[in-house]
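Enquirer: Using the hints, position chain Y against chain B.
Heads up: the protein sequence lines correspond to chains B and Y, in order. Every position in the first sequence, counted from 1, becomes a number in this note's numbering once 116 is added. Note that this note's numbering numbers the second sequence so that position 87 is 79, with each residue one more than the last.
If you are wondering where the hints come from, they were derived from the structure by calculation, not from laboratory data. A few of these clues could be false.
[Said to hold, decoys possible] Stretches of chain B that chain Y covers, calculated by requiring three or more beta carbons in the stretch to come under 8 angstroms of a beta carbon on chain Y: (1) 125 to 134; (2) 149 to 156; (3) 226 to 238.
In this text, a Cβ means the ideal position worked out from N, Cα and C, and glycines have one as well.
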Amino acid sequence: MNTNESRWNKDAPLYLDYQSTTPTDPRVVEKMLPYFTQKFGNPHSRTHHYGWEAEDAVEVARAQIASLIGATPKEIIFTSGATESNNLALKGVARFYKDKKNHIITCVTEHKCVLDSCRHLEMEGFDVTYLPVKTNGLIDMAELEAAMTDKTVMVSIMAVNNEIGVIQPISEIGKLCRERKIFFHTDGAQAVGKIPINVDDMNIDLMSISGHKLYAPMGIGVLYVRRRPRVRLVAMITGGGQERGMRSGTLPTPLCVGMGEACAISEKEMGAEAERLKMLKDRFHAGINSRLSEVYLNGDAEHRIPGNLNLSFAYVEGEGLMMGVNDLAVSSGSACTSASLEPSYVLRALGVEEELAHTSLRIGLGRFTTEEEVDYAVEKIAFEVERLRQMSPLWEMAQEGIDIKSIEWAEH
Amino acid sequence: MNRYAYLDHNAKTELRPEALEAVTAALGLNGNPSSVHGPGRGARKILEGARAQVAALVGAIPSDVIFTSGGTEANNLALRGTGRQRHLVSAVEHPSVLNCGGDIIPVDGDGIVDLASLENMLAADDRPALVSVMLANNETGVIQPVAQVAEIAHRHGALVHCDAIQGAGKIAIDMGGLGIDLLSLSGHKIGAPLGVGALIVAGLDARHDLGLKASGFGGRHERGFRAGTENLSGIAGFGAAAGCIQSMIDDMPRIGALRDRLEAAVRAIEPRSVIFGEHVDRLANTSFLTMPGTDSSTQLMAFDLAGVGVSTGSACSSGKVTNSAVLATMGVDADIAGAAVRVSLGWSTDKQDIDAFVAAWADLHAQGNKMSKTLVSEKSAA
Chain B
117 MNTNESRWNK DAPLYLDYQS TTPTDPRVVE KMLPYFTQKF GNPHSRTHHY GWEAEDAVEV
177 ARAQIASLIG ATPKEIIFTS GATESNNLAL KGVARFYKDK KNHIITCVTE HKCVLDSCRH
237 LEMEGFDVTY LPVKTNGLID MAELEAAMTD KTVMVSIMAV NNEIGVIQPI SEIGKLCRER
297 KIFFHTDGAQ AVGKIPINVD DMNIDLMSIS GHKLYAPMGI GVLYVRRRPR VRLVAMITGG
357 GQERGMRSGT LPTPLCVGMG EACAISEKEM GAEAERLKML KDRFHAGINS RLSEVYLNGD
417 AEHRIPGNLN LSFAYVEGEG LMMGVNDLAV SSGSACTSAS LEPSYVLRAL GVEEELAHTS
477 LRIGLGRFTT EEEVDYAVEK IAFEVERLRQ MSPLWEMAQE GIDIKSIEWA EH
Chain Y
-7 MNRYAYLDHN AKTELRPEAL EAVTAALGLN GNPSSVHGPG RGARKILEGA RAQVAALVGA
53 IPSDVIFTSG GTEANNLALR GTGRQRHLVS AVEHPSVLNC GGDIIPVDGD GIVDLASLEN
113 MLAADDRPAL VSVMLANNET GVIQPVAQVA EIAHRHGALV HCDAIQGAGK IAIDMGGLGI
173 DLLSLSGHKI GAPLGVGALI VAGLDARHDL GLKASGFGGR HERGFRAGTE NLSGIAGFGA
233 AAGCIQSMID DMPRIGALRD RLEAAVRAIE PRSVIFGEHV DRLANTSFLT MPGTDSSTQL
293 MAFDLAGVGV STGSACSSGK VTNSAVLATM GVDADIAGAA VRVSLGWSTD KQDIDAFVAA
353 WADLHAQGNK MSKTLVSEKS AA
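Pulled out of the complex, with its shape left as it was, chain B reads as follows (with noise of 0.2 angstroms):
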């Protein structure tokens, strides 16, 4: 089966929009499938036949996540997705340590649930450090280390950025955490099975999975938790026990089988994909670049994801441009917060203007992608922003070598 085939229905929006979320591989689908009919029993039911053959499936699920990031399956927690994972994590890890260390270092560009979990944090009586970002995106390791103190428990920095595809230097900040002795957790919803990541390579104690941003379904994700040197934390849903008390709840067979099934394509397939979606977004980029000047691209051209390219478009109107290009389903901010028209906070962080950071586009390619959709959009936004721009003036006052920014606009 060729899984690069597009799966572009043209009567329908292209998707550019892998960041937020990824459709499930269809042999991930193929895997779970018995799962929900004749292999359908509870994996906690100890007592018969279907019992067993779902709990043996969740735990070669299990064994497969761990492969792919270097852990051993105890150390797998299943979780209800990313979200999850990150709120049991931070405060989890804080709340089990409250009595002996009670701060905490992030930065300002994690994912809204982690940066929520800090303020519920604060609330209870926390310290928390927010890092700021340069404007490529990533954190200073002076200022991190500047910020540690011995009453640091955690530092939780995201591997990759979600709105631009920043990664972050995950091996150093794990080498300085473990030399410090304090836990070092990471959101890795957006790298791993994206980028090759390794817990004992990098000193990572806990670290957040997605199952959709990695082509298994909504509703199951992962939460490492190091058991040498062992992490302990205080569980946030409680009953069964299952989870080894981490993590109450019955787990859900068919859908710990698909993470299960889309770790062990990532771990085989992933050097051969990212290389082809550099491809695709050098492409993307630079078809973009050919047509079009006053593109900006946030975050770090090199340290950054293969799937990602977040481009500011000057002189145009934000809102216009998503319109111009809603045949195309891209995002213009991270899936959770694009609902509002606010100005990506994770834009803002890294100094973009409010102008650009308004008309900046995020686009997502995966494992579906093809050039050919690579090209139509390419065209369609490159047609689009110049529509747009022939209606500014304001792009005509900067063809004619005006500067905007010295213009004193009179009130009136």
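Expert: Same frame as chain B, now just chain Y:
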């Protein structure tokens, strides 16, 4: 081997074909329901359609429904979220309720909550309370007098939470009629997939008295009560299964007749077999019954070898077969409880499954008798 007779539907029932269709359709989609573009809106439409179907299952409105990852999370959200200073929970609740703490409302020998005790407990302390009593017990199937519980609770200004996870799909539920403020559901008990559940809050939009706080992991989805990208395929399946509620209810007399046939057959072989909750209101699909003299774990092994899947109660994580906590709470002697197995039927159960169970039961019972006779004769010889 003949087909395996699966009689553990209270642990998890089989996926309904309608749900499978909805799940596979949703798995084929692109799009995050929070995205504003076309595929995102397509996903949102599925989510909202399912919300309406799940609401209808319990006589609620769509805006009352908070989707969760399952029943455990729904129970946790209800008990930890309302912020009531005092919790009164029945002694036979599921661990996901009991673990949240609270004062225990005693139950009688059938596991039915003692209403007089509830009344006294509420009268003795005027702090704002939450009363949590399940609709039907997962092990015995015994149905609680929830309407009366609600009447008493409301008279004392308490909120009522009902874990309806086992009752849903087996008895018709009208939240308003029963007076339930918060109600938990689990998908996989009604023919939806694993990994999805809901907390239904009557009048969520208008009720400020609830003071419901977001779940443990904050809230940017589900109207601010629960964060995280929704389990779209699971929710689609949940909606489709909930949409079959009428046929589920209509099927209960058939299932009840099968259950009664099973119990009558067992009694014909062994009149001393105890059937828990036999004389009170009980779910038509559940039978928790003993084989005197044969311990539960021996029975489970023998049943599995005979191709029959049953259990000793709730599916737990310990991996050990232990006596039922529910039976202990009901005051059942350990040696009687230690000889009990739970048989639970579902939409896919037929006469063949029942006959397989009865045949296996009869075989094992005969072996047990032979063994105890041997033991007795050995003893008398000694």
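Enquirer: Failing hints, ascending?
Expert: Of the numbered hints, all hold.
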